[in-house]
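Trainee: Using the supplied hints, reconstruct the complex from the two chains, each of which is provided in its own coordinate frame.
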Amino acid sequence: MSMKATIRQVDSVVVVDISGRITLGEGCTQLRELIRDQLAKGNKRILLNLADVSYIDSSGIGELVSAYTAVSNQGGQLKLLNLTKKVHDLLQITKLYTVFDIHDDEAKAISSFQKA
Amino acid sequence: MTSEPSVVEVTLESDLKNLEVAEEIVRRVAETAGFGEESEHQIEMAVHESMINAIWHGNKNDSSKRVWLRFEIYKDRLEIHIRDQGIGFDIDEVPDPCSENNLLKVSGRGIFLIRTFMDEFRVKRLPGSGTEVIMVKRIEPAQQSK
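Residue numbers (the numbering used here), protein chains in the order written: chain A, 11 to 126; chain B, 6 to 151.
Chain B on its own, in the form it takes in the complex (with noise of 0.2 Å):
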């Protein structure tokens, strides 16, 4: 749990083009830390939703401004960082897509499916310099042996 993380760290271009850029980053890392197939594309999913969260709604689809995405791989864990610049949103605001006044909404399924597929999900405010989503996908032992 203490030792040393292996670490990719990538900034980039706060424009939706650079979506896929993510998912192929992260599909690379997720493979390297040893998740199977579909532990991987939830990773992916999750890592895509919160780059649509930090271009479209924190930095407000600006190409000037900048997305820091941050990955360190433990032994037992993958710890995703992904940092905008924009002021962040209360988590315990979004509403629950799954309630009946909001299955047929056509927006707000991201965060939802993020929390759905990582096993932790936290966001923190950097006043002054924006916002960090965290997340955590454990490497269960099955899945190292892959």
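Isolated chain A, as found in the complex (with noise of 0.2 Å):
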């Protein structure tokens, strides 16, 4: 199963819902794309909602870190929402959990995003 994503805007900011996996080739890409495409929008404020992700391996915690630097270059915050066992396992043992702002209820999630 390839990765989908959903984007919603709620308030200033922008959910990205996404499901499947988020694996080296055709996930990866699609990640990077959607994060250049809101960037050039100006949205500089997303969260990902990982609670359907089903697969994360090392080249798509790579992208969530290329997610990261790139909207924080841009002034911006992008934050993780509802992880998984397994990938907030994975940022544990990677130590990624303390560099991105995790939460686990949507609305907190949203009211934490700093206003411009």
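Just so you know, the hints here were simulated from the structure itself, not pulled from any lab data.
Here the structure is a predicted model, which means the values were calculated and not measured.
Positions of the beta carbon are idealized from the N, C-alpha and C atoms, including for glycine.
The hints are all genuine.
Simulated restraints, written as ranges between beta carbons of each label pair:
no., chain 1, residue 1, chain 2, residue 2, range
1, A, 50, B, 81, 53 to 59 Å
2, B, 133, A, 111, 48 to 54 Å
3, A, 102, B, 124, 18 to 24 Å
Mentor: What follows is the structure, encoded as structure tokens:
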């Protein structure tokens, strides 16, 4: 199963509901293009909802880091929502858990974005 | 320890589309060996990352090349051999992705994850014929009874 992403706007935040696999190849490319498109549109507050991500590999983790860096470099914020246990464990093992701002409640995540 | 293992061998075209094929095989092998769900996922990830290394780095994404997988199920462990046709790499030169300088790098976490998830990880250069990685996951008695 490849990656699928649905984009919705909640207040000033773009919420991306991701499902499937974020792995080397199609999944990573899709995520990269999605972030690039949102930044090009001036959307710099992005919340990635990973609740339905079934599989993420080292390339997928790298893509999350790349997205985080790209958004931060443009003065924006990228946060993560609803990690599965597998993704949570991987971010802990790779010491990235402290890099990302991670939430398990969407409303609180939305309100945590700083107003410009 | 010395009894004959149960063996599964597969030869795959060196193409990323075969990643999911390898994952399906390793899932079944791990299940047969008696691993629990978490260990199964760890083994699957280790094989996934090794396959990427073999296809992408070893065989340079050349689909005319091959990747060989061999699973040996012993009573106390699963031993996995993955061989490509590349020139190999020095395991000691792989940087630590968790160090402060590397934390925000996009790549370089594959070998780290394999080492984390498996009990043993070795790389063997086979002069003239490629590189083989050998990974071992021990089967704990509690897992066997599962």
